[in-house]
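Number of protein chains: 2
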Amino acid sequence: MNIKILGCHSATPRSNSHTTSQLIELKNHLFLIDCGEGTQVRLREEKIKFSRIKNIFISHLHGDHFYGLIGLINTFKLLGRSVDLNIFGPKGIREVIMLQIKLSNSWTNFKLFFHELNNSNSEIIFEDSVVTVSTIPLKHRVYTNGFLFQEKEGLRKINIDKVNKLNIPTCEYENLKNGKDIINDDIKIKNIDLTFPPDKPLSYAFCSDTAFYPQIVKQIKNVDLLYHESTFLNEHKKLASKTLHSTAEQAAEIASLANVGKLLLGHFSTRYKNKLLFIEEANTQFENVDLAKEGETYIL
Amino acid sequence: MNIKILGCHSATPRSNSHTTSQLIELKNHLFLIDCGEGTQVRLREEKIKFSRIKNIFISHLHGDHFYGLIGLINTFKLLGRSVDLNIFGPKGIREVIMLQIKLSNSWTNFKLFFHELNNSNSEIIFEDSVVTVSTIPLKHRVYTNGFLFQEKEGLRKINIDKVNKLNIPTCEYENLKNGKDIINDDIKIKNIDLTFPPDKPLSYAFCSDTAFYPQIVKQIKNVDLLYHESTFLNEHKKLASKTLHSTAEQAAEIASLANVGKLLLGHFSTRYKNKLLFIEEANTQFENVDLAKEGETYIL
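Protein chains in written order, with the numbering used here: chain A, 1 to 300; chain B, 1 to 300.
Keep in mind that the hints were calculated from the coordinates and are not lab data.
Treat the hints with caution; some may be incorrect.
Any copy, or any two copies together, can satisfy a pair, since identical chains are not distinguished.
Said to hold, decoys possible - List of simulated lysine to any residue pairs, SDA-like, C-alpha gap at most 25 Å:
1) Lys-165 - Asn-109
2) Lys-139 - Ile-183
3) Lys-177 - Asn-274
4) Lys-152 - Tyr-173
5) Lys-237 - Ser-106
6) Lys-200 - Met-1
7) Lys-242 - Leu-78
8) Lys-273 - Pro-90
9) Lys-139 - Asp-193
Let the hints inform the model, and build the full structure from the sequences given.
Right under this line is the structure:
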C-alpha cells in the first residue's frame, strides 16, 4: 500500500503548499482522498494517469478539501474519459457538482456515481476482494468523515521446501494458497503443514479534519499508518479547540491510545515556518512520527 | 490603464499555463476579469493585495473562467476581509456560490453583492466618475459576455505659460480644469484659451470566449486594446467553429474591422507549442498584434 501526498496544508493553496489531497495505491486500485483547489495540477505534476482514478473519497465540504473536484471532473471529460467515476462524500456533494455541470452545460461522457454520506456511525462504503473502505466519523465544524482502508487477508504462501520434498504436483498450488488440505498419494496432508500464513493485511487511517476525538481510537486500533491532522501546535491549543482542529500533541495522543504503527502528521497551518516543531511536540506522546511532505510517497 | 494577465490558456490548468484571469488597474480601481481554478495562487505570486479587488467580472460559467471564484471568496474570508465584494456574472452564479458557502458553513464576514446578467444586448454594469464597464454579448456555447472598459474623459490641462503670463490666481485652477471660463481683472477669458484638452480616454475590450462574431465590431470600434480569444489556428478552423471559438485569423479580422489600436491574442489551446504561429496568422489580417503572456502587464 502506497500513500502519496499531493497536498497537506490547511486553508488556502499557495505556490508551494497545497491543500489536502492524497492518492492511495493498493494492488490495482488508485483511490483519491480529498481534492483541494489545484489537485488536478498536482496530479499532472506527479504524472498520474487520470483514468486510473475510479473512486474519490471526500472527507467534508470545506474548500481546502473539495474545491478542486469540479475542475478535475471537467478535465476528465475534456480528456475523453469513458471509465465510470465514483464519488463518496457528504450529502450535498451531488447537488453542488451537478449544478456546476448544468450551468456550464458540460455533461460528462462517462458515468458519474455519487455515494452521499450522512451516517454518524461508521459504515463500509467500498468493498471488493482486495480492500474495504469504511468511514471514520470525525468531529469538525461540518459533517466530516475520515476513511479507513483495510486490506483483506491475502493467499497463504506455499512452503516450497516441504512441497518439493513431498512431490506435491503444481496443480495443487492454487488449493494450497486458498487454505485447502490436499490428498497426496492417498494421504491427507493438512494445509498448515505445507504453507505459511499470508502477509498481515495492511491498514491505513486518514483522519482530517477533526478536533481531538478519542471516540475514533477503537476503530483505528493497531492500524499500520495513521494520518492525523495537526493544524496547530500547542501554543494555539485554544484556536484548535475553537475551530475543531487538533494540535500535534493531540494527534500523537490519539496515535498512542490506538497503538498505531506510525503517525503521519499533516494539514499544517501555513503560519508555522519550522515544521520540525510538530515532530518535537508529537514525540512527547508517541515515538514513531513523520511529517507529511508534498510529493512524498509513504510505503507500507 | 494596466492589464495584467494572470492566466491566458484554455480548458485546464497546468503547472505553467493557467486558465483565464486578468487584472485591470485604472486609477484607484483593480478589476478582476474571470477567475479560473488557481487564480488565487496566481494573485499571490503576483503579490496583489487581495482587498484592493472590489469588483469581479465573470464572462461565463465554464470552468476555465470560473472555478477559482469560490476559493478566492473563501480565502478573502479567511484573511478577515471586511470590504464589500461585487460579482458580475451570468444568471446562476449566485446560486452556485451561495450553495458552496452554505454547504461548507463558511459565511463571509464581508458583504457579497451579486449582479446577475442575462441581457442579450449590451448594458452598462458599472459606472463611476472614472470608468464605465459595459457587457459585450458574445457567441459561445453558454451565455457569455465580454467586457468593455471605457475611461471617462479626464480634466482639462492648464496651459501654464498662458496662466502665468496673465497672472491667473491658483484658486481658479480647479475651475479651469473643469472647463469653466473665468473672469480676471473684470475681463472674461475663455477656458479654451487657458487650457489644453484632456488626454484621450482609454478603452479596453475583453472578448473571450467567442466564435467569430462581427456583431461586436460596432461596440468595440477604435478601442485602444482588444483582447480577443484565439483558441485555435486556422488548421483547426472546423474545431473552432464546432466549439464556438475563434482562430487567430478570425480574431485579427475582428481587430481590423473594428480598427482597434492593438490586438492581444489569448485563450490558447495547449496543443500548440509554437505560439508565434498565432502572430504570423493574425498578421495576415492585422498588423499590431501581441500574444498574451502570463505575468505580463500591458500598459495603455
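Now for the hints, and whether the structure bears them out:
{"no.": "1", "hint": "Lys-165 - Asn-109", "verdict": "neither (57 Å within a copy, 77 Å between copies)"}
{"no.": "2", "hint": "Lys-139 - Ile-183", "verdict": "neither (55 Å within a copy, 77 Å between copies)"}
{"no.": "3", "hint": "Lys-177 - Asn-274", "verdict": "neither (50 Å within a copy, 57 Å between copies)"}
{"no.": "4", "hint": "Lys-152 - Tyr-173", "verdict": "within (20 Å within a copy, 86 Å between copies)"}
{"no.": "5", "hint": "Lys-237 - Ser-106", "verdict": "between (44 Å within a copy, 22 Å between copies)"}
{"no.": "6", "hint": "Lys-200 - Met-1", "verdict": "within (12 Å within a copy, 66 Å between copies)"}
{"no.": "7", "hint": "Lys-242 - Leu-78", "verdict": "between (42 Å within a copy, 15 Å between copies)"}
{"no.": "8", "hint": "Lys-273 - Pro-90", "verdict": "neither (33 Å within a copy, 41 Å between copies)"}
{"no.": "9", "hint": "Lys-139 - Asp-193", "verdict": "neither (48 Å within a copy, 76 Å between copies)"}
Hint compliance for this structure: hints 1, 2, 3, 8 and 9 are broken, all remaining hints hold.
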